[in-house]
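Enquirer: Top to bottom, those sequences are chains A and B.
Every letter in the first sequence is one number past the one before it in this note's numbering, and letter 365, counting from 1, is 365.
Every letter in the second sequence is one number past the one before it in this note's numbering, and letter 50, counting from 1, is 50.
I should point out that these hints are in silico values taken from the structure, not numbers from a laboratory.
Computed from a predicted structure; not experimentally measured.
Errors might be hidden in some of the hints.
[Said to hold, decoys possible] So, partial list: chain A residues that the calculated Cβ filter (under 10 Å) puts toward chain B: (1) T324; (2) E345; (3) D386; (4) I469.
Note that the Cβ used here is the ideal one computed from N, Cα and C, for glycine as well.
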Amino acid sequence: MKKILIANRGEIAVRVIRACRDMGIATVAIYSECDRAALHVRLADEAWPVGPSAPRESYLRIDAIIDAAKKSGADAVHPGYGFLAENEDFAAACRDAGLVFIGPSPEAITLMGSKTAARQAAIKAGVPVVPGTEEPLSEQTSDADVLKVAEGIGYPLMLKAVAGGGGKGMRMVSSPAELPASLRAARSEAQSAFGDGAVYLERRILAPRHIEVQLLGDHYGTVLPFVERECSIQRRHQKVIEESPSLSVSPELRRRMTAAAAAVAKTVGYTNAGTIEFLLDSDGSFYFLEMNTRLQVEHPITEMVTGVDLVQWQIRIARGEPLTLDPESLLTPKAHAIECRIYAEDPETGFMPSPGRIQGLRVPHGPGVRDDSGAYEGGEVPIFYDPMISKLITWGETRDHAIARMRRALAEYQVRGIRTTIPFFQWILEDEDFKAARFDTTFIDRKWGAPGSSPLQSRDPAHEELAVIAAAIHMFTRSIATTVAAGEPVSIWKQAGRAEARR
Amino acid sequence: MNLEIAVGNGVRAVSVTRKGALLHVSVDGRTTVVDARRVGEMELSLLVAPDDGSAPVRGVDASLAAQRTSGDFDVHVAGRTIPVQVRLAGSFGRQKTAGAAQGTGPQRITAPMPGKIVRVLVKPGDEVKARQGLVVVEAMKMENELRAARDGRVRDVAVTEGPSVDAGALLLVVE
Chain A
1 MKKILIANRG EIAVRVIRAC RDMGIATVAI YSECDRAALH VRLADEAWPV
51 GPSAPRESYL RIDAIIDAAK KSGADAVHPG YGFLAENEDF AAACRDAGLV
101 FIGPSPEAIT LMGSKTAARQ AAIKAGVPVV PGTEEPLSEQ TSDADVLKVA
151 EGIGYPLMLK AVAGGGGKGM RMVSSPAELP ASLRAARSEA QSAFGDGAVY
201 LERRILAPRH IEVQLLGDHY GTVLPFVERE CSIQRRHQKV IEESPSLSVS
251 PELRRRMTAA AAAVAKTVGY TNAGTIEFLL DSDGSFYFLE MNTRLQVEHP
301 ITEMVTGVDL VQWQIRIARG EPLTLDPESL LTPKAHAIEC RIYAEDPETG
351 FMPSPGRIQG LRVPHGPGVR DDSGAYEGGE VPIFYDPMIS KLITWGETRD
401 HAIARMRRAL AEYQVRGIRT TIPFFQWILE DEDFKAARFD TTFIDRKWGA
451 PGSSPLQSRD PAHEELAVIA AAIHMFTRSI ATTVAAGEPV SIWKQAGRAE
501 ARR
Chain B
1 MNLEIAVGNG VRAVSVTRKG ALLHVSVDGR TTVVDARRVG EMELSLLVAP
51 DDGSAPVRGV DASLAAQRTS GDFDVHVAGR TIPVQVRLAG SFGRQKTAGA
101 AQGTGPQRIT APMPGKIVRV LVKPGDEVKA RQGLVVVEAM KMENELRAAR
151 DGRVRDVAVT EGPSVDAGAL LLVVE
């Protein structure tokens, strides 16, 4: 394997390019119109255009990407996550074109990509699943029929897209009256996100934790599980903070969960990197939720506590190497790691997307800090794609140490010109329940936007005073610098307008 | 230089004067002594005096990001991001009493970012409650519901479902 095409953009494309460079492998980036100057294009050895900005016309165009791979002479393709990472047609198209797809087989993607088929695989492996429908409910299934099925499962229940992931096409339904509207919304979201409007129903486990197990499988039948990741801090069913290990998983429970995860993967002959997601009930019982047949967004925390480079191992497995990692060390976390997903969204206006130009960027550094980012000063955050611009990861000797470092790093992090979720993380990290690891998947829904609470508005007056002083000094020193030679002061507003037009 | 700076829920009267190498910044009559260095086009290193008379020693790293309206900034300071609006002295008094800040007058609902109008949830003449959804805009793969800031009646709906709009485009008016 001499040259790898990365069929993705943003921070994950940058992450894969770095792994390739560490291994002395050449890299090929692809880009849409608006991404011509994106960081992944700037860092790769080669870059090929694949179409207009809309994902459907570029990063989801299998033919254009295969064409770029052939023209560039790449011998393998890394899909990253999102876009075509869990698309069996893409994996098959790579194979047909003589390219190594760095991921599982198209067959494994098909099988585990169907949430209902994946549940059956888990049952076959002897792993408990959340009670729910075993067959998908197609778009043609009438409301009346869905209501009948729902009656058998009981409320509250979860409505999920069969092709789902990332919280899209997912709704909680607490009564029969809510079902028709939620069904419509979930189907429409699933249709636009995955091109498949089929859904299924699952009983809602109240106040569960979301725990997942990273796996690597080679082509010789070895499947190795890693120490769990705790992903319960979610907003709109999307993870926002992850950590490893989980304080709610004892070494004994870790043995059972990781063994169950490996059993599911072995049942389907799984290869390369994948993740089994579980719901952990408050009584310690756990249920198989789904399998993600790709590298996860939150893979760095596993890397931090095990010292394993997961992307490098994806490549090594794909080129036929056997897994030579020590299974015991993968289950023995070295201290603690935590990740915050930094989104270009404004938490003060209901997490409204905040695309635009990054006027200034200061990235935190120092002991125990890792920033996986696709952003740079002067770069644009386009409106077309997922708003995650970077992942901030910290490592500490203890959980408290990792959190302290995260707070320090967030305070240093400045993304100027657009709004980000950094203040939202500062709010979470100051929460007493979070600090004590007392939470479940309802944490943010319960705490954020609870009646009477608007946590970001109640700012420290001392900070406001400093902001006022800084703004005043900025205007004052700039107006002096731009006073004309004749001694006639030019309107600071006119000057400010010109300075902004120049930027 | 005399300024008015809106921050949080209030407007501060601010003046800046140079005294030798130091700046004296008065905020609502309270003066802070500052040793200021510009370290970038929009970045300042400040050493701030904790009290009157003592030397400026408290380090404050501040940087600003200009917003769409001239004089509006996000100030990054002490690990926080704080929006401020800077105006010449006297300008706010008039503006603030004009209505918008008092929570009266028509609400102009505009697109906060470029995106596609997915759903229009109200029609002209509809009575709406505070926080009621008005229109759904899709951007960055997420659907975002724009809501009424307070109770009112929908006067105009300027958009239909389907087309894309630019940031700042008027979507509807609630009075």
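Enquirer: Hint I469 (chain A) vs chain B: min CB-CB distance below 10 Å?
Expert: Hint holds; I469 (chain A) Cβ to chain B Cβ min 5 Å, cut 10 Å.
Enquirer: Does T324 (chain A) hold up as a contact with chain B if the rule is Cβ-Cβ below 10 Å?
Expert: 39 Å, violated
Enquirer: Does the closest beta carbon of chain B sit nearer than 10 Å to the beta carbon of D386 (chain A)?
Expert: 6 Å, holds
Enquirer: Does E345 (chain A) pass the interface hint, meaning its C-beta sits closer than 10 Å to a C-beta of chain B?
Expert: At 8 Å from the nearest chain B Cβ, E345 (chain A) passes the 10 Å test, so the hint holds.
In the structure shown, a violation is registered for the earlier hint numbered 1 alone.
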